[in-house]
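Chemist: Spelled out from the first residue to the last, the chains are:
Protein chains: 2
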Amino acid sequence: MKFLVSNDDGINSEGIIQLATSLRTLGEVVVVAPDMERSATGHAITMHQPLRVRQVKLQDLDILAYAVNGTPADCVKMGIDILIEGKPDYVFTGINMGANLGTDVLYSGTVSAAIEGCIMGVKSVAISLLYNDIMDFTYAGKVAVEVGKILSQNDLKPYNLLNINIPNVSEKEIKGMMVTQLGHRRYAKNYEKREDPRGKAYYWLAGEIIDESFSDDTDIEATKNNYVSVTPLHYNLTSYNMMDTLKQWGFNRV
Amino acid sequence: MKFLVSNDDGINSEGIIQLATSLRTLGEVVVVAPDMERSATGHAITMHQPLRVRQVKLQDLDILAYAVNGTPADCVKMGIDILIEGKPDYVFTGINMGANLGTDVLYSGTVSAAIEGCIMGVKSVAISLLYNDIMDFTYAGKVAVEVGKILSQNDLKPYNLLNINIPNVSEKEIKGMMVTQLGHRRYAKNYEKREDPRGKAYYWLAGEIIDESFSDDTDIEATKNNYVSVTPLHYNLTSYNMMDTLKQWGFNRV
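Residue numbers (my numbering), protein chains in the order written: chain A, 74 to 327; chain B, 74 to 327.
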């Protein structure tokens, strides 16, 4: 099994070291990740400036690693297209420092990197550990290995990927694993206004999370109840059941 | 009718001036757009640096306009949350310089800005004009007005938005309007390798488009055949029909 590993926290983050180390027990691992933190970049790609690649030493690990001055999606694109010989069997992204739950997956560089792997025809998984003052990625690494084992025995369909969120509690507090759907997450009071020393206004994105709970099997509820959440994702944004309605409204003039 | 208008080509682009001018015939328009070009930013939002807002004069138009040093999604978020008094009735984004078709919608700042409007509970539309050496946005502006009129008489459901692509041909060559689904668009030979004057390698994102044609009613086919394409989009990435399969694979341990 050959894994491409990427993330959005940057190549030197603890989470990616843990993910690479854990997956190394299952096969070959190549890391291609942003040279610096790139969280909340969504599915951005770099079109208007050139990209640079630098081979780096990942601590004392026996793992080939490249740092790219681009976004997570750039890294996966370059990894598959140029840097890795042959096609990888899997793209694993993370382990993200903080949750990627509900509507927030749209903003996530980690999830977008996995979507990019999926677009390029590689089976892809995004893994995130919920945020806490103490971030211990050990258990999340074990989950990554378990997921890798299950996927090696079952064929994830094209255009589908997995989004996994792990509660930040001790291993013995974990109640199990749950297949979930994305919840709804909105934010209120998005911006905090401040004044710089010259009296000019600036704004920080802040935001109070509003979780709209509509079902026990959302990723938000599952992690709240100490279950590892496994959500199958796709990336087809067509709203098929609206097509007929739009025709009735007069949008079809053929 | 009150419109929030944004884009990813930047506040001084021709396309947004046309969109604002056209929608002004239907009601009030406020422009909130990036201070510079921000295409291919996907759904990126700015979390790690503060945002600045500057009120600007949009040519000789009687339209309130703000430039933000952020992404298209930032602009829509700030527009709805802070800059516009009361909630806008519609978010219109564009008119984008170039298509946003098929899988490419994931990379698009213009479409992501419309998705952000939708997430915040406002009816949203993204409009793009296919790329050509000559970009005349006049007809696309008329389409925007038509769409605005239809939406004022019909209630776009929550969690749904419209993605509109307009062929870059003269108005009399337009064959009509078609309700479409997203096509598949992949790229081959993604990167071009070059050497800088110091002999160091760098890479440009290039890519030959591979359109996978599987149906006549995709956005890609419709625009190719000179139809204005209207695609209903949603932003729920849950792959519902995979949930049972994952349970069978042993991902549910509750």
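Simulated from the structure, these hints should not be mistaken for laboratory data.
Quick caveat, the model's predicted, so the values are computed rather than measured.
Check each hint, because a few of them may be wrong.
Since copy identity is lost for identical chains, a pair holds within one copy or between any two.
Subject to a maximum C-alpha distance of 25 Å in a straight line, what follows is the list of computed DSS-like cross-link-like pairs (lysine-lysine) [to be verified]:
#1 266 x 248
#2 75 x 262
#3 297 x 245
#4 222 x 273
#5 262 x 160
#6 297 x 320
#7 297 x 130
#8 130 x 266
#9 245 x 75
#10 230 x 245
#11 130 x 75
#12 273 x 320
#13 320 x 230
#14 262 x 320
#15 320 x 222
#16 222 x 130
Chemist: Reference check for the pair residue 320 and residue 230, CA-CA at most 25 Å: within, between, both, or neither?
Modeler: between (31 Å within a copy, 15 Å between copies)
Chemist: Checking an output row: residue 266 and residue 248, CA cutoff 25 Å. Within, between, both or neither?
Modeler: Neither way: residue 266 and residue 248 sit 41 Å apart in one copy and 49 Å across, limit 25 Å.
Chemist: Given a CA cutoff of 25 Å, do residue 262 and residue 160 count as a within-copy pair, a between-copy pair, both, or neither?
Modeler: between (45 Å within a copy, 14 Å between copies)
Chemist: Are the CA atoms of residue 75 and residue 262 at most 25 Å apart within a copy, between copies, both, or neither?
Modeler: Result: close only across copies, 22 Å inter versus 44 Å intra.
Chemist: As a check of your reading, is residue 222 near residue 273 (CA-CA no more than 25 Å) within one copy, between copies, both or neither?
Modeler: neither (55 Å within a copy, 40 Å between copies)
Chemist: Quick one: residue 320 to residue 222, C-alpha cut-off 25 Å, is that within a copy, between copies, both, or neither?
Modeler: Between. Shortest inter-copy distance 15 Å satisfies the 25 Å Cα cut-off; intra-copy 46 Å does not.
Chemist: Cα distance capped at 25 Å. Does residue 262 pair with residue 320 within a copy, between copies, both, or neither?
Modeler: neither (38 Å within a copy, 38 Å between copies)
Chemist: Up to 25 Å between alpha-carbons, please classify residue 245 paired with residue 75: within, between, both or neither.
Modeler: Classified as neither; 31 Å inside a copy, 54 Å across copies.
Chemist: Are the CA atoms of residue 273 and residue 320 at most 25 Å apart within a copy, between copies, both, or neither?
Modeler: Answer is neither; intra-copy 49 Å and inter-copy 54 Å both fail.
Chemist: Taking 25 Å as the upper bound on the Cα-Cα distance, should residue 297 and residue 130 be classified as within, between, both, or neither?
Modeler: Neither. Shortest intra-copy (37 Å) and inter-copy (48 Å) distances fail the 25 Å Cα cut-off.
Chemist: Could you place residue 222 and residue 130 in one of the four classes (within, between, both, neither) given a Cα distance threshold of 25 Å?
Modeler: For residue 222 and residue 130, neither the intra-copy (27 Å) nor the inter-copy (59 Å) Cα distance is at most 25 Å.
Chemist: How would you label the pair residue 297, residue 320 (within, between, both, or neither) given a Cα cut-off of 25 Å?
Modeler: between (42 Å within a copy, 20 Å between copies)
Checked against the numbered hints given earlier, the structure breaks hints 1, 4, 7, 9, 10, 12, 14, 16 and satisfies all the rest.
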